[in-house]
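Trainee: Going down the list, the sequences are from chains A and B.
Plus 1083 on top of the position in the first sequence (first one is 1) and you've got our numbering.
Plus 530 on top of the position in the second sequence (first one is 1) and you've got our numbering.
What the hints contain is simulated information worked out from the structure, not anything from laboratory work.
There may be inaccurate statements among the hints.
No farther apart than 20 Å at their CA atoms in a straight line, the calculated lysine to any residue pairs in the SDA-like style are these [unchecked claim]:
| no. | chain 1 | residue 1 | chain 2 | residue 2 |
| --- | --- | --- | --- | --- |
| 1 | A | Lys1115 | B | Lys537 |
| 2 | B | Lys561 | A | Gln1148 |
| 3 | B | Lys535 | A | Glu1117 |
| 4 | A | Lys1107 | B | Arg558 |
| 5 | A | Lys1145 | B | Lys561 |
Partner residues are not named here, just some residues of chain A that face chain B (Cβ under 8 Å, in silico) [as the list claims (entries may be wrong)]:
| no. | residue |
| --- | --- |
| 6 | Gly1094 |
| 7 | Ser1123 |
| 8 | Pro1132 |
| 9 | Asp1421 |
So these bits of chain B aren't anywhere near chain A, every CB distance computed over 10 Å [unchecked claim]:
| no. | residue |
| --- | --- |
| 10 | His550 |
| 11 | Val553 |
| 12 | Leu572 |
| 13 | Gln573 |
| 14 | Glu578 |
| 15 | Trp613 |
| 16 | Ser657 |
| 17 | Cys677 |
| 18 | Pro699 |
| 19 | Gln711 |
Yeah, the Cβ is synthetic: ideal placement off N, Cα and C, and Gly gets one too.
Here are the chains, one letter per residue:
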Amino acid sequence: MAADVLMPQMGESVAEGTITRWLKKEGEAVSKDEPLFEISTEKVDAEIPSPIAGVLGKILVKEGQTVAVHTVVAQIEAVGSLGSLGSVGSAETPQKSASKAPESATAGTERTEGTDKSKAGASAEKESSELLRASPLVRRMAEEHGIDLSLVEGTGTGGRITKEDFMAYLERQGSATAPKAAPPKPVPAPTPAKTGERDESVPMTIMRKRIAEHMVMSRRTSAHVTTVFQVDLSRVAEIYRKEKAGFENQEGVKLTYTPFFIRALIDSLKRFPILNSSVNGDQIVYHKDIHMGIAVALEGGLIVPVVHHVDEKNFLGLVRTIHELAARARQKKLTVDDVQGGTFTITNPGVYGGLFATPIINQPQVGILGVGTIYKAPVVIQDAIAIRTVVHLALSFDHRVVDGAVADQFMASVKKYLEGWEESLWA
Amino acid sequence: MLVEKRKRNEIADTLLLLEHPPVITMGRNAKPENLLSTPLELQQAGIEVVESDRGGDVTFHGPGQLIGYPILDLSKIRRDVVWYVRVLEEAIIRTAQDCGVRAVRVPGCPGVWVNNAKVASLGIHISRWVTSHGFALNLNTDLNFFCHIIPCGIASCPVTSFQQCLGKPLDRSVVEQHLVQHLAGLLGLEKGELWQRMS
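Start from the sequences and build out the full structure, keeping to the hints where you can.
Mentor: Here it is in structure tokens:
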């Protein structure tokens, strides 16, 4: 039975790898986990262990060649009959991913963390051995702490997770800084739907997986509450209409409503600093700097680039920064720094006419503002009905640390700022 | 040795900070033509040449350089080599900032740069997600040593040091403290957890 050896993905943003050296020749025996080849990417060299024991069959990718991740680079003839090994390393194939996933070939998918020691058995037995890797006590503790045991490395016999392993893991998680405190892991999935002939199974992209994990992790972490305010945007809309063409001519950059909302948020975040905080264990961390995350829709997902020190920019500087970040996001040219360190997020679910949505907090932040569609509506003003431009703003906040009264005062402040807009767009 | 111990989980994540005698190392991807001097010239200059299993091309290590070898189990931190390279760069950039040097990244050229001159080089090896090798930061390095090589295989790549940027030498232990702090912070480890060993 031959198994494919795949080019591992050594990180989220890594799309390809170069084989620098084969450590075994065709026809040579290799044991499981023995270094098989070396790859190079971005000044990093990595030794890749063999996924199984066997004899190296055909080498399909020669030294010096660069191929996309998950490309088959060689085949190994398994020794002994371990049953169907199939395509070892294809962690992206949904039905197989839970049962086989060699350590290095699936880097970045976070699927196999801490499971190396338990892989010794044949893959068919893996699922049941997974259950046996921890005592009932440890499993109960894991459940209480909401921790996925597959993240915990076992040091006991056969890779069993001992109580000490678990406590050490807990401690480690507790001491990590806030953004890394809770590794994004979905809760145990419900029984998967049966796939018939008329169904098509498509593996999630890495981005989709990350989004899925983050969303579920956030829901589990924060006590989400959403408050919705209707804001009379007539004044801002008037300025927007009047100035748009001139602004774009003079400054060469598109004017949108987003910077107006962000300016209002900055003012209110300074008045209510708890909204610009994070939770770290039993500590509330107040951030003195405001770094604004802006959700940008991409084909097949979304990303949240961050305008760092957003409060230090004037309106024009803000418009330029947003424009530039959004453009880079769509061209997939964001750097790691561009998407890190946000302290609050704004998102725009109103593009297709949605009145408002209840956004999910971008961890480890405690608030996110969703901007609904901007439209004209009849509004009662001093017992008269007028046609005004309105928008619904929905703030989701973490009720663990933000009280409802504070959240609403914050939103009243945002509303007041926008309804009484006084800023010059060129200041 | 320590790497093997880390793999067996016998030691915690570790950062070695040290200084090398003059030596030129050839990384896995090193091209011999990037070594400019003859073996005799190098011998006369007191420079040893060794081959290394780190990534990257040829580089020089010597007195006045702060060498950092983090031995970390990335499978417990984050399985992402690019992220790890960015973390090392970021820690050095922040350290530079603490010292009053404005350092940046150059897209496509891993390492840390000041005014288009390289101040820190990276070369990393990973096996089973345990890292070895690391970075070399020019603090008070005698930059004349670099005339023997084309650093990192980038022709016309000038090198610089904190000393050259600031016009005065820096206290090594102060820089080390900044570096450990930033690195620990970025990796999400306790400063004490990333215990230092000097040699």
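Trainee: Now, for every hint given, state plainly whether the structure supports it.
Mentor: Okay, the hints, checked on the actual structure:
no., hint, in the structure
1, A:Lys1115 / B:Lys537, "holds, 16 Å"
2, B:Lys561 / A:Gln1148, "holds, 17 Å"
3, B:Lys535 / A:Glu1117, "holds, 17 Å"
4, A:Lys1107 / B:Arg558, "holds, 17 Å"
5, A:Lys1145 / B:Lys561, "holds, 19 Å"
6, Gly1094, "holds, 3 Å"
7, Ser1123, "holds, 5 Å"
8, Pro1132, "holds, 7 Å"
9, Asp1421, "violated, 11 Å"
10, His550, "holds, 19 Å"
11, Val553, "holds, 19 Å"
12, Leu572, "holds, 24 Å"
13, Gln573, "holds, 28 Å"
14, Glu578, "holds, 21 Å"
15, Trp613, "violated, 6 Å"
16, Ser657, "violated, 4 Å"
17, Cys677, "holds, 23 Å"
18, Pro699, "holds, 28 Å"
19, Gln711, "holds, 12 Å"
Of the numbered hints given earlier, the model fails hints 9, 15, 16; all others are met.
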